[in-house]
Structures are given as C-alpha cells and as structure tokens.
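Peer 1: Listed below, chain by chain, are the residues.
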Amino acid sequence: TSPPAAATASKSGSSSSSKGEMTTRYWVQNDQRRYLPAVHDPVIGVVLARHSDSYKVDIGMSVPASLPLLAFEGATRKNRPNLQVGSTVYARVTVAHKDMDPELTCVGSSGRSDGFGALNDGYLVRCGSGLAQHLLSGQSAILKYLGKMFAYEVAIGLNGRVWVKSDSVKRTILISNAILNSEHLTAAQAHEMAQRLLKASD
Amino acid sequence: PKMSSLTAKKRADGRDANQLRALSAERSLLNRADGSSRLVVGESKLMVAVYGPGTINKRLEKMDKATLQVTFRPVSGFSGSVETELESFIQSAVEPSIMGLLHPRTGIQIVIQVQHSDGSELANAINASTLALIDAGVALKTQVVASTCALLSDGTLILDPTLEEEASATAVLTFAFDKQMKGVVATKASGYYSEENFFRCLEACRHSAAQLLSFFELGLRKKLESSRTVTE
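Listed in order, the protein sequences are those of chains A and B. If you use my numbering, the first sequence corresponds to residues 178 to 379, in order. If you use my numbering, the second sequence corresponds to residues 549 to 780, in order.
Honestly, the hints are just simulated from the structure, not real lab data. Backbone N, C-alpha and C fix where the C-beta goes; we use that ideal spot for every residue, glycine too. Incorrect hints may have been included.
[As the list claims (entries may be wrong)] Cut-off 25 angstroms, straight-line C-alpha distance, at most; resulting in silico cross-link-like pairs (DSS-like, lysine-lysine):
id, chain 1, residue 1, chain 2, residue 2
1, A, K188, B, K771
2, A, K188, B, K613
3, B, K730, A, K188
4, B, K610, A, K275
5, B, K727, B, K613
6, A, K188, B, K558
7, B, K610, B, K730
[Stated by the list, open to error] Selected chain A positions facing chain B (Cβ under 10 angstroms, derived; list incomplete):
id, residue
8, S191
9, L213
10, A215
11, K255
12, K275
13, D298
14, H361
Model the full assembly from the supplied sequences, consistent with the hints where possible.
Peer 2: Set out below in structure tokens:
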C-alpha cells in the first residue's frame with residue numbers, strides 16, 4: 178500500500194508500511210550514519226561517567242544518554258550494578274524526545290534483563306543504520322551462516338554499533354569483517370564472501 | 549534590423565547560449581562524514597561534507613531548533629571576506645529547507661571544499677550541499693536547487709557560465725529555487741542589468757534548475773532501486 182497523497186517525505190529512502198487492526202503505519206526506510214533515537218530501540222553504548230543515581234552513556238547522539246543505576250534487573254538501593262567507565266553496555270531507549278536528553282534502561286519490557294546489561298570483552302564496530310536494521314530483522318543470512326561455522330556472541334545496536342565476541346581475536350576480526358562486508362550482498366554472495374575470508378585467514 | 553538571437557552564436561567551448569555543461573554527481577564518498585557529495589560541472593569541481601545533527605558549542609545552540617553552520621573553503625589560500633559572504637548566502641538559501649525544529653540544541657555543519665574553480669561556483673555549492681544533506685538523511689522540507697546565468701554586453705543571456713565568461717560578462721546572477729519551483733529562495737546578482745533582463749535570467753535559471761532537480765531525483769531513485777533488489 179502507498180501512503181496518502183497529502184504526505185510528503187522528509188528523507189530519501191524506500192517507503193514501507195505495516196497494517197495493524199486499527200491503524201496503518203507508514204515510514205521511510207533509509208540508511209544513515211548518524212543515529213537519531215526512538216523509544217524501544219536497542220542500542221549499544223559506552224559508559225562515560227558514573228553519577229550518584231545514573232550513568233552517562235555515549236550512544237552516538239549529540240548528548241550522552243542517562244542510564245539510571247536502578248534500571249538493571251535485581252537492582253535495589255543496597256545492591257547496585259558495577260559498570261566501569263569505558264565499559265560497553267546493551268540497553269533500550271526509554272526517553273527519546275527532541276527537547277530532553279535521551280534515557281536508557283537495561284531492563285527488558287518484561288521486567289527481566291532480556292539480554293540487556295554489560296557486554297564484557299568482545300569487539301565493537303560501527304556500521305550504518307540500514308545494516309543494523311537488516312541484522313536485527315532476522316532476515317540476515319550472514320549471522321546464521323557464521324553461526325554454522327563458529328560459536329560466537331553478537332549484539333546489534335540500532336545506533337549503528339555491532340559487538341562481537343568469540344574464542345579468539347582472529348575469529349572475532351573475521352566475524353566482524355564478514356558482518357560489515359555483507360551489507361550490500363545477497364545471501365549467496367555473503368556465503369561466498371565469508372568462505373573467502375575464512376580461507377584467507379588460514 | 550538588429551536581432552539578438554539567443555541560439556545562433558556558439559560560445560568559446562562550443563555550447564549554445566542556454567546549454568549546460570556536462571554534469572556528474574557522486575554521493576557518500578567520504579566515510580567519516582554523515583553525508584557527502586561531489587559535483588563536477590565541466591571543469592568546476594567541488595566536494596561537500598555534512599555533519600549532524602550533532603553536538604554544538606553551547607554558546608551557539610538554539611533552544612528550539614538546529615543551528616546550521618556553513619564553511620566554504622576555496623581551492624587555495626585562506627578563507628577571507630569573499631568566502632564569509634558566500635557562506636552566509638548559502639546558509640540563508642539552504643537553512644529554510646531543513647526541518648530544524650526536529651533537532652533543537654544541535655548543530656548541522658556543511659563544509660564545502662572547492663577542488664577546481666571554473667564558474668557557477670555558488671550554484672554548484674548549493675546543489676552539492678542539497679545532495680550531501682539528502683545523503684546524510686537530514687530531515688528536509690524541500691530541496692534547494694540553484695542555477696547561474698550571465699548577461700553579456702550585447703544582451704545575450706548565457707546559462708552555466710565558465711570563469712572566463714563570468715569575468716567578461718556585464719552581470720552574473722545566481723537564483724536558488726525550492727522543489728515546487730514557484731518562488732525564488734535566494735538571489736545573488738552582481739553587475740549592471742535592467743529589470744527586464746533580471747526577469748529573463750530568472751526564468752532561464754528556473755528552467756535549468758528544474759532540469760537539474762529531475763537529474764538529481766533520477767540519480768536518487770536509481771541508487772534506491774539498485775540497493776533494494778540486493779536485500780530482497
């Protein structure tokens with residue numbers, strides 16, 4: 178379906194729509210380097226500072242986001258998380274209003290951590306928003322294919338950051354390169370590219 | 549009777565009076581900028597990088613909207629008062645097309661680097677800036693497209709003048725239009741010209757700006773089509 182004629186696009190991209198029970202949503206899908214936060218987005222950030230009741234986390238925005246110390250699973254006033262400055266964290270955006278500083282949480286919508294929280298060790302790479310969305314959509318061939326070859330952990334932030342962790346440095350570099358290279362390739366091309374990287378690294 | 553014919557006399561490079569130079573545009577060429585573009589028009593070459601919406605000096609931030617800063621770097625030498633005037637003109641032409649209210653307290657920076665100068669520089673800078681803003685995904689209300697024309701002493705009007713043609717012209721006029729092509733977004737004129745000639749130039753530039761706009765839209769559409777077929 179196409180959006181109503183009265184609507185004008187403010188970005189260049191391909192239009193998408195999703196039909197719900199009561200409403201139909203339209204949006205423009207585009208690929209950007211600069212991240213603009215939206216509520217519920219999963220993002221990867223780097224802790225910049227620790228204040229008395231929150232962390233300041235860099236998520237690639239014009240201002241750092243604040244992550245409350247109590248926004249972790251099982252956190253209480255006596256039992257606080259122990260994130261160090263400089264550590265990587267996987268969080269969800271809770272406040273993304275243009276007039277306010279962004280806020281995050283490390284608690285999933287169910288109240289459990291749902292995978293959010295500190296990301297220890299591993300390697301962080303930057304990518305565009307288009308690739309991040311594609312990887313999170315579940316349709317990405319490269320992640321499944323890499324999973325057949327190696328055991329690895331990956332976290333994808335819609336703010337254009339991908340965190341990879343595996344058994345060795347060489348393998349981590351190979352996996353992150355394969356993910357970044359797969360951006361404009363079809364599934365078959367991505368398989369072939371991953372094979373070439375694997376051969377070249379041996 | 550003396551007739552000033554617009555199309556009979558050829559120009560130094562063999563073009564007709566209303567003929568534009570061969571143009572090529574490139575985007576996303578700088579991998580550290582949020583958006584970038586390169587425009588080659590004949591021998592004129594320039595490159596534009598866009599950064600933002602991002603952090604800005606607290607002194608300069610606006611409470612309700614984004615602040616646009618334009619930097620114009622000439623091909624050689626330091627930026628002087630000429631460049632400052634161009635920056636201010638480009639900023640006033642391009643800023644209204646940006647939806648700045650969506651990003652208060654942020655800054656958007658446009659950096660223009662001239663690589664080779666051969667006339668119509670201001671219009672090229674505005675066009676390349678629009679392309680770079682689109683490439684960066686900055687929210688835009690409309691697209692600003694500009695065109696230059698020069699008036700010669702015999703009353704002939706030539707479009708897209710080279711540096712030599714600009715130097716020998718009686719007047720050089722640059723007009724910037726928005727996507728709807730109705731009103732004029734910005735005008736820069738230098739030299740001597742009558743009111744009648746001003747409006748002749750305006751209409752000629754409106755026509756060539758419309759052609760440029762369709763060319764840019766074609767390029768954007770092609771890029772989207774080619775990237776979509778890959779992901780499906």
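Peer 1: Taking each numbered hint in turn, which are not upheld by the structure, reported in ascending numerical order?
Peer 2: 6, 7, 10, 11, 13
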